[in-house]
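Colleague: Here is what each chain is made of, one letter per residue.
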Amino acid sequence: MGALAELAGDEKNGEGSRTFVFLNEGHTLGNALKTIIARYPEVDFCGYTIPHPTEQKLHFRIQSRRDRAVDLLKRGLEDLEALCDHTIDTFGKEMDNFNAMNARVGQEST
Amino acid sequence: MSSPIRKEPLLYMEEHRVKEDPQDYGLADDVFNMEVFKKKLQVAIVRNDEDGLEFDMIGVYPAIANAFRRLMLSEVPSMAIEKVYIYNNTSIIQDEVLAHRMGLLPLKADPRLFAYRTEESGEAGTEQDTLEYELKVKCTRRKDASKDQSNFDDIYKNHKVYSGHLKWLPKGKQAQIYSESMVNCIHEDILIAQLRPGHELDLRLVAVKGLGKDHAKFSPVATAYYRLLPQIKLNREVYGKDAYLLQSCFSPGVIGIDENECAYVKDARYDSCSRNVYRYPQLEDSVTLGRVRDHYIFTVESVGSLKPDVIFLEAVKVLKKKCRAFIDEIEAE
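Each protein sequence line maps, in turn, to chains A and B. Here the first sequence is numbered in the working numbering, starting from 295 and rising by one per residue. Here the second sequence is numbered in the working numbering, starting from -2 and rising by one per residue.
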């Protein structure tokens, strides 16, 4: 049993419209992913909801007339992953610079 | 800190509302592009000491900044006491209250060295996923105490139970891998209970790895928050008495007064953005209060087991892992 499912009801709407159900996810992933996917020019609509506060479920809707919804979701996740990688790199570099600078200041003062 | 070429997108704080810049379409019409994001993102470390880490993250969407904050609070794991076996408790503190207090003790153990408990590890747990402690304290009357002494420390022995009384019981090969100073309580002077002669505590405590979304005791941070960089602009010169009044409207150190008794903005960064200026009609038009829309000042205070910069990196890795897991699931279909 995977953590990702599709909601029924979009069979007649082609591949472009889907509501995905993420298990054990919430606003943390939902909102971050939504801001990215909603900013793709191919996407007509993207939004998310948590239908019930005590159910650990995230409903994530994508509508597009050009691309398959699954592909857009995958692209969004890949972009978010790349964004994380870049943040880790940038933060790591700055932290190293900061530590090196502090070590130098510490040496000069002693 | 921010490059001089960058035009900072502002939100204006007026007396009764927050106004967006009419020239700023950034939030609404932006198209996401990884290369543009990479160019825009800047990180600057401002302070990293025992009070915590402060850093600036410039050029991110609110949702991304918020995701990092939420992840630090509730999805970065840490170790905490989860089960308390009470063999004897004759103190006045109730079993369940005592157990709850034990759960909240911050432990030094590095959660990255441990695994989550699984079904297979059973009630007792294994050396990879469990830390065990015992707390055995008995309060007695000091024999050498005279009748006229009134200080409890002189009359009783062990009448205060501290987190330092906790004794680690190494499981399996744990004694070879960890030392007591690596797994004990971070603070030795947390008062757990007060006893009187004849009172006794005999507990066995089991600590496991968990997430802040399950219980706040598993959260690795004391606080993790961000705020937007304030920007204050003086529209006209403010002199004399009004200058001191203006100074008193902002946080200390924000407004300076020069030798001509003229107010100037010294450092807007640590302003609390209270909008007190709008209470005074003679000052109302003298300042423009704003905040930079995409300049986040993060403050991370660690509980103590992980360093704050490690907590942030772990949080980003958690988000990355989530994405990877779902990509793999899509590809498997």
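Just so you know, the hints here were simulated from the structure itself, not pulled from any lab data. Nothing here was measured: the structure is a model prediction, and the numbers come from that model. Some hints here could point you the wrong way.
[Stated by the list, open to error] Here are the in silico distance ranges between beta carbons for each label pair:
1) B:Y222 to A:G341: 43 to 51 Å
2) B:L188 to A:D390: 21 to 29 Å
3) B:H13 to A:N391: 51 to 59 Å
4) B:Y9 to A:E336: 51 to 59 Å
5) A:G400 to B:I152: 42 to 50 Å
6) B:I183 to A:E372: 49 to 57 Å
7) A:G400 to B:E281: 35 to 43 Å
8) B:Q191 to A:A376: 50 to 58 Å
9) B:T220 to A:N318: 19 to 27 Å
10) A:A299 to B:P167: 19 to 27 Å
11) B:D27 to A:H321: 37 to 45 Å
12) A:G400 to B:I183: 35 to 43 Å
13) A:G341 to B:K133: 39 to 47 Å
[As the list claims (entries may be wrong)] Which residues of chain B face chain A? A partial, calculated answer using Cβ under 10 Å:
14) Q39
15) Y223
16) V251
17) D255
18) V289
19) R290
20) C320
Yeah, the Cβ is synthetic: ideal placement off N, Cα and C, and Gly gets one too.
Colleague: Give a verdict on every hint.
Modeller: Now for the hints, and whether the structure bears them out:
Between Y222 of chain B and G341 of chain A the CB atoms are about 27 Å apart, so this pair departs from the stated range of 43 to 51 Å. Taking 21 to 29 Å as the suggested C-beta distance range, the pair L188 of chain B and D390 of chain A does not conform, at roughly 40 Å. Separated by about 43 Å at the C-beta atoms, H13 of chain B and N391 of chain A break the suggested range of 51 to 59 Å. The given range of 51 to 59 Å is broken by Y9 of chain B and E336 of chain A, whose C-beta atoms sit roughly 34 Å from each other.
G400 of chain A and I152 of chain B have their C-beta atoms about 48 Å apart, which keeps the hinted 42 to 50 Å range intact. For the hinted restraint 49 to 57 Å between I183 of chain B and E372 of chain A, the CB-CB distance of approximately 39 Å leaves it violated. Distance hint for G400 of chain A and E281 of chain B: a CB-CB separation of about 47 Å, inconsistent with the stated range 35 to 43 Å. Between Q191 of chain B and A376 of chain A the CB atoms are about 55 Å apart, so this pair conforms to the stated range of 50 to 58 Å.
Between T220 of chain B and N318 of chain A the beta carbon distance is about 25 Å. The supplied range of 19 to 27 Å therefore holds. Separation of A299 of chain A from P167 of chain B is about 44 Å and departs from the stated range, judged on CB atoms against 19 to 27 Å. Checked against the given bound of 37 to 45 Å, the beta carbons of D27 of chain B and H321 of chain A, roughly 21 Å apart, lie outside it. A hinted range of 35 to 43 Å is violated for the C-beta pair G400 of chain A and I183 of chain B, which are about 25 Å apart.
Taken as a hint, the range 39 to 47 Å is violated for the pair G341 of chain A and K133 of chain B, whose Cβ atoms sit roughly 57 Å apart. Taking 10 Å as the C-beta contact cut-off toward chain A, the hint placing Q39 of chain B at the interface holds, the least distance being around 8 Å. With a cut of 10 Å, the hint placing Y223 of chain B at the interface with chain A is violated, because the nearest CB-to-CB distance is about 14 Å. Taking 10 Å as the C-beta cut-off, the interface hint given for V251 of chain B is violated, the closest approach to chain A being about 25 Å.
With a least beta-carbon distance of about 30 Å to chain A, the hint placing D255 of chain B at the interface is violated under the 10 Å criterion. A distance limit of 10 Å between C-beta atoms decides the matter here; for V289 of chain B the minimum to chain A is near 18 Å, and the interface restraint is violated. With a least beta-carbon distance of about 14 Å to chain A, the hint placing R290 of chain B at the interface is violated under the 10 Å criterion. Checking C320 of chain B against chain A by beta carbon gives a least distance of about 4 Å; that is within 10 Å, so the hint holds.
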